[in-house]
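A.B. asks: Letter by letter, the chains look like this.
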Amino acid sequence: MNHLLSIDELSEADLREVLRITPSFAEVAQRRIAKVPALRGQTVALLFYEDSTRTRLSFEVAAKRLSADTLNVSVSTSSVNKGESLRDTAETIEAMGIDAVVVRHRSSGVPSQLTKWVDAAVINAGDGWHQHPTQALLDCFTLQQQLGDLAGSHIVMVGDIKHSRVARSDVTALTMLGAEVTLVAPPTLLPPAVHTWTARTSHDLDQTLASADAVYLLRMQSERQNEALIPDLREYTTLYGLTAERAARLDAKVPILHPGPMNRGVEIAADVPNLDQVVVVDQVRNGVAVRMAVLFLLLGSSTVDLPVESHSPEPRVAIS
Amino acid sequence: MTAETLLIRGGTLIDVTGTRSGDIAVVGGLVADASAAPSSARVIDASGCVVSTGLVDLHAHLGEPGDEAVETMTSGGRAAVLGGFTTVLAMPDTMPTVDTAAVVEHIRSLAQSALCHVEVAGCITVGRAGAHLAPLGELANAGVRFITDCGSGVQNPLLMRRALEYSRPFELTIAQPADCIELSADGQMHEGEWSSRLGLPGAPAEAEEIMVMRDIALARLTGARLHFQTLSTAGSFAIVAAAQRSGVPVTSEVASHHLRLADADLASYDTRRKVEPPLRDRSDVQAAVEAVADTRVDCIVSDHTPQSTDRKERPFDHAEAGSVGLETALAVALTQNISIEHVLRAMSWRPAELLGLGTPEQRTITPGARADITIINPQESFTVSTSSSATTGTNSAFEGEELRGRVRATIVDGHVVVDGYEVTR
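As you go down the protein sequences, you meet chains P and V in turn.
Under this note's numbering, the first residue of the first sequence carries the number 73, and numbering increases by one thereafter.
Under this note's numbering, the first residue of the second sequence carries the number 296, and numbering increases by one thereafter.
Since the hints were derived computationally from the structure, they do not count as laboratory data.
Values in this document were obtained by computation on a predicted structure and should not be read as measured data.
Keep in mind that the hints are not guaranteed to be accurate.
As the list claims (entries may be wrong) - Which residues of chain P face chain V? A few of them, derived with a C-beta cut under 8 Å, are:
#1 146
#2 185
#3 200
Said to hold, decoys possible - Pulled from the structure, derived: some chain V residues nowhere near chain P, Cβ distances all over 10 Å:
#4 367
#5 391
#6 457
#7 499
#8 541
We put the CB at the ideal spot given by N, CA and C, even for glycine.
Chain V on its own, in the form it takes in the complex (with noise of 0.2 Å):
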C-alpha cells in the first residue's frame, strides 16, 4: 500500500522543538513542508486540535501470543490507534514469554497485524522465573532495547546486579516494576485507611520505595540503564528525582489510573479498579500529577492490561489486577489538567527517545520525519464503555467516566489509520 499524500490543515503544532500554529504536508510516509503537497492532496482539517508526534506508549500487554481471548494484535492495534497512540512497546509476559530471538520474532510477525508500530520488550531472565539470565546479547542483535520481568519484577538483588552489569554494552535499558513482594505480601490494596477500612489485606507504599532505593543503589554500582515501571507513590517520585540530580541513569514511568483514581475509590470493591501497583492514597496522585508536570517523571504509560469478564467478576481478593488503558491514557492525564505540552512530552518524544526510536531529527514533525502523526481535539469528552471499545478486554477502571480529550485522528508510517474518532481501516 502506497502512503498518502496528506495535508493537515489548521492546527497547533506541538513537538520536542516547541508550540506554533502551521500546516504540515505529508508525502510519501514522510512529513513535508505544506507547500509540497499537490492541490490533490488529501486535506484533514486540524482546526481547534493539536498535531503532534505519535504517541508512544512503553507499557502495554497485548495478549498474543498466549492470551488470544483477551486481545490481540488486531483488536490491542486498534486500541492503541484510537488512543493516539503510533508505537506500543509490548510486554514479555506472553506465553512463550519473550526470552529468545525466535519469540521476539514470532511476535513481530503477529505484529503485522497492528495498526501502529509494536516494538518487543525482552525478559531479564528465563521464563520470568527470576532464576536464570535470559540470552540478553541475543535478544538485544533481535532489536530489543527494553527488558524486564514485568509482574513481580527481579527480587533477588544479586540476580539483579548480574542483570544490570551484564546488559551494558548491549545498551539495553533494564525496566523494573518496584515491589518488594515479600514486604508487600498478600497486598490487595494500598495499605491505608481505605484498607484498614474495608478489611482488605494492604501493601504498603515502603513495599515499592524500598525497591526504589534498592535498584538505584544497584544502578550506581554498575552504572547501567534502568527504568522504573508504573511507580505510583510520592515518595518513590522524590527518591527517584534525587536520584536523577546525583547523576545516576534512571528514568521512570506513571501509569494513567494513578493520575486519577485513589483507594478510596474502591470503596464498592469494583475489581476493574484492582490494580498492580495498587491504588495509592489521594496525596500519591497529587504527587503523581505535579511529577509528570515537573518532568520529575519521564513517561504516562497505559499498563493496558486487559482481562477477560471472569477473571474479575470474583470476590475482590481472587480477581486479576490489571485495566485496560490504551483509549484513554491521553484523555485522562488532560481531564487531570496537565498542560497538553507536558502531557506530550510524557506520552509522545520522551518515551521515542527512551526506546531509541530513530535520530532526534525524525522525532519531531518537521520536514524529513516519519509521519507518525497524532491530531488531538483537547477539548472533545466522551464516556467511557468498553463495551463499545476496540479492545476486547472488558476491564478499564474509568468504566462510566467522562474524560476529555479525544484523538480526532491518528497517522502511522503516512497512512490514516484514525480520522473523524474512528478507525478507518
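Just chain P, same shape as in the assembly (with noise of 0.2 Å):
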C-alpha cells in the first residue's frame, strides 16, 4: 500500500490490517504523554481544498501523536475557481520535501490525479463524492467495537447515498466485511446504477429498521430540495428521518452512527442525539487511532529509527 485513495483498492487483508493494529494506537491516547515517536523527522502535508475543521484535525491529532511534522496549506476555494493548475500546487509542495500529503477536494478523483505528479503518499480525505476511506476505517472500527464480528450484521445506512462518499467508501468495506448494507433513500437520492453496488436498497425506512443492527444516518443538504431531488426537507425527514419515534422503536442496543456535522431536525429528531446508543463521540475519537494506523502503515516502514515492516504484527508504541 502506497496510498490511500479509496476503499475499492485496499484489499480484506490491507483492511483486517488497519483494524487489528488500531488498537495499539488508541490506546497511546489514553497516556499521559500521548506522543509516540515512530515518525519522527517525517513531514506530513494538510492540503485542504474544502473547509473540513474536524477532519483536518484528526489528521493533525494523529500526525503529531506519531511525532511527525505537519505542515497545513489551505489553498483558497477563488485559485480552484480560477482554473489554478492541479500540478503546479502539487508541485509547489512536494519542493517543500515532504512524505505524506492528506488532500480533501471538492472534485472527484483529485487524491489520484495527484499520484501522477507527487512521489509522496497520498492520503485520500475526502474526494468529492468519491471517497473518504479513513471515515470508513473508522466507522467499521467503531461498529466493531459495538458488534463485533460484522459478519452477517445487518447495517442500514440512510440519507443521500448519491451525494455522498461516505456511503461509496463504507459499502464497499462493510461488505468487505461481511456485513449486509441496506441504502435506504428516496430514488432521486440514490446512484443511477447502485443495482451494481454491493447493497440492498430500500424506500421503506421503518421495515429497514425493524431488522437493523446498526443505524448510520447521512447528512442531509438543503440544496437538495432546490435541485428538485426531494420536495422538501419537512416531507424528507417524515419519510427518512429518525425521527423521536422511530428511535424510540429502536432497540436499545442499535448503535446510531452519523459522520458528522449532524443537521438536527433534519435527518435525526433533536433530541435522538443525546441518546446514550449514539456513537458520534466515538466515531470522533477512533478517527485519530484510525489514522494513526494508516500513517504509520504507510510511513512507518521507512523510518531508520523504527525497526519494524509495514506490516509487522506489533507496532512498536514506546512512550517517547
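With the hints as a guide, bring both chains together as one complex.
C.D. replies: As C-alpha cells, this is what we get:
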C-alpha cells in the first residue's frame, strides 16, 4: 500500500490489518504523554481545498501523536475556481520535501490525479462524492467495538447516498467484512447504477429498521430541494428522518452513527443525538487512532530508527 | 509551385467505385492512367499499401483564429495530412465566430498556410449564442455548406425549426451536436456504473437521444438537411437508422474515440479522456463500431479538439473537454477491426459527398479526378505520443496506446506532403 485513495483499492487483508493495529494507537491516547516517536523527522502536509475542521484536526492530531511534523496548506477556493493547475500545486508541495499529503478536495478524483505528480504517499481525506476511506475505516472500527465481528450483521444507511463519499467508502468496506448493507433513500438520492453496488436498497425506512443491527445516518443538505431531488426537508424528515418515534422503536443496543456535522431536526430529531446508543463521539475518537494506523502503515517502514516492517505484527509504540 | 508528376505503383486502389490492384499516375494535379506517366515521373512505392481517395474530416477545431497558442492552421494542417486527411472542415467556434462572410474569407486566407484543404463551417446563430439566426444566405454565398453551433448546439426548438426552414433554399446542411443540456446538466461523464462508482455527475444517454428524436421530428417537418455530429449511444444510432429508412434526410457522424474508449477507461480520472459527448458504456462502443460497419453511420470524424496542458491538468470536473484526433482517427478505426472499405467509406468518399466536394467522378481515383490521395499501410503500428506529434495540443485520449494502420503518404492537389510517414515540407 503506497497510497490510500479508495476503499475499492484495498484488499480485505489490508483492511483487516488497519483495524487490527488500531487499538495499539488508541491506547497511546490514554497515556499521560500521548505521543510516540514512530514518524519522527517525517513531514505530513495537510492539503485542504475544502473546509473541514474536524477531519483536518483529526489527521493533525494523528500525525503529531506519531511525532511527525505537519504542514497546513490551505488553498483558497478562489484559485481553484480560477482554474489553478493541480499539477503546479502538487509540485510546489513536493518541492518542500514532504513524506505524505493528506488531501481534501471538492472534486472527485483529485487524490488519484496527485499521485501522478508527487512521490509522497497520498491519503484521501475526502474527494467530492467519490471516497472518504479513513471515514470508512473508523466506521468499521466503531461498529466492531459495538457489534463484534460484523459478519452477517445488518447495517442500515439512510440519506443522500448519491452525493455521499461516505456511502461509497462504507458500503465496500462493510461488505468486505461480511456485513449486509441496506441503503434507504428516495430514488432521486440513490446513485444511478446502485444495482451494481454490493448493497440492497429500500425506500421504506420503518420496515428496514426492524431488522437493523446498526443505523447510519447521512447528512442531508438543504440544496437538494433546490435541485428538485426532494420536494422539501419536511417531507424528507417524515419519510427518511430518524424521528423520536422511530428512535424509540429501535432496540437500545442498536448503535446510531453519523459522520457529522449533524443537522438536528432534519435527518435526526433534535433530542435523538443525546441517546446513549448514539456513538458519534466514539467515531471522532476512533478517527484519530485509525488515522494514526494509516499514517504508520504508509510511512512507518521507511523510518530509520523504527526497525519494523509495514505489516509487522506489533508496531512499537513505546513512550517517548 | 507546379504539381509533381507521380507514378504510384504496386498498391491496392480503393475508392467509391471499388477495390482493385493497379498503378496510377498523377499529372498536373490530376489522377491519370499509369501509362501517362513519363519515365522521369517520381515513383511512389505503394506495395503492401492501400491507395485511397483522400480522407475528409467533417469535424475539427483548428485553433485559428483565437486560440493560436493551442493550434494554428500550420500545425493543425500538418497533423491532418499525417493522419491522411486531404480536406478538413474547420468548426466555427473560433474567436471571432464564423457568422459573417468576412470571417469566412479571413479563415480561408489563414488556411493558406495549411498543408490540406480547409473548408469552413458557419454558425447557425450569431456568436453561437442561440438567440438570432446568423446571415445564412450570406454564409452560403461565401461557400459555406455546413452550419453548426458546435458545443451545446441549438437548444431552442423554435429557433432550430426556423434555421432548418430558412436554410432550405441555400442547400445548407444544419449540423447539430445532440445534447439536451438541461438533462445532461453538469454531467462530467456518462451516467452509469462508472459515474456511480467514481462519484462524478453523469450525463445520461437519453440527453443525447431526446435531442436526436426532437431534431428528426423537426427535419421531417421542414424537409431540411440535418446532420448529427458525434453521436455516441446505441440508441442514437438506432433512432437515426429508423429515420433514414422512413425517408427523413438525416445523416450522422461518430468521433473516432467513441469507437474504442468507454466510461470504464476513466477509472484513473485521466482528463485527456474527458470528451463531449462523454465516453459511453462498452455496449455503446460496440454499437458504434457496428454502426460504421453496417453503414448506419455516415462518417467517422476526428473531433480534433486541441487543448493546452494547463486546461487539462485540473480536477476532472474543472478540466476542459476534448481530445486531439487528426493523427489517430484512421488508426483507431482500423485497430477496431472495421474493414478498410467501410473505414474509407466513412472517412473519405461519404464525407466528401456530404460536403459536396466536386462531382461524383471527381470523388474517385480514376483519370481526371483531383489528385487528393492517401496511401495507407494497414499493418504498420505506432505508439501515440503527443510530444512527437504535429499538433500542438497535448491532449490525446490515446496517449501511450499502440494503434495499427498508418499513413505512408498523403498527396494534396498533386503535391506529396507526407512521404515515408513524415511531412515532407
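A.B. asks: Each hint needs a verdict: does it hold in this structure or not?
C.D. replies: Here is how each hint holds up against the structure:
{"no.": "1", "hint": "146", "verdict": "violated (17 Å)"}
{"no.": "2", "hint": "185", "verdict": "holds (6 Å)"}
{"no.": "3", "hint": "200", "verdict": "holds (5 Å)"}
{"no.": "4", "hint": "367", "verdict": "holds (23 Å)"}
{"no.": "5", "hint": "391", "verdict": "holds (23 Å)"}
{"no.": "6", "hint": "457", "verdict": "holds (31 Å)"}
{"no.": "7", "hint": "499", "verdict": "violated (7 Å)"}
{"no.": "8", "hint": "541", "verdict": "holds (32 Å)"}
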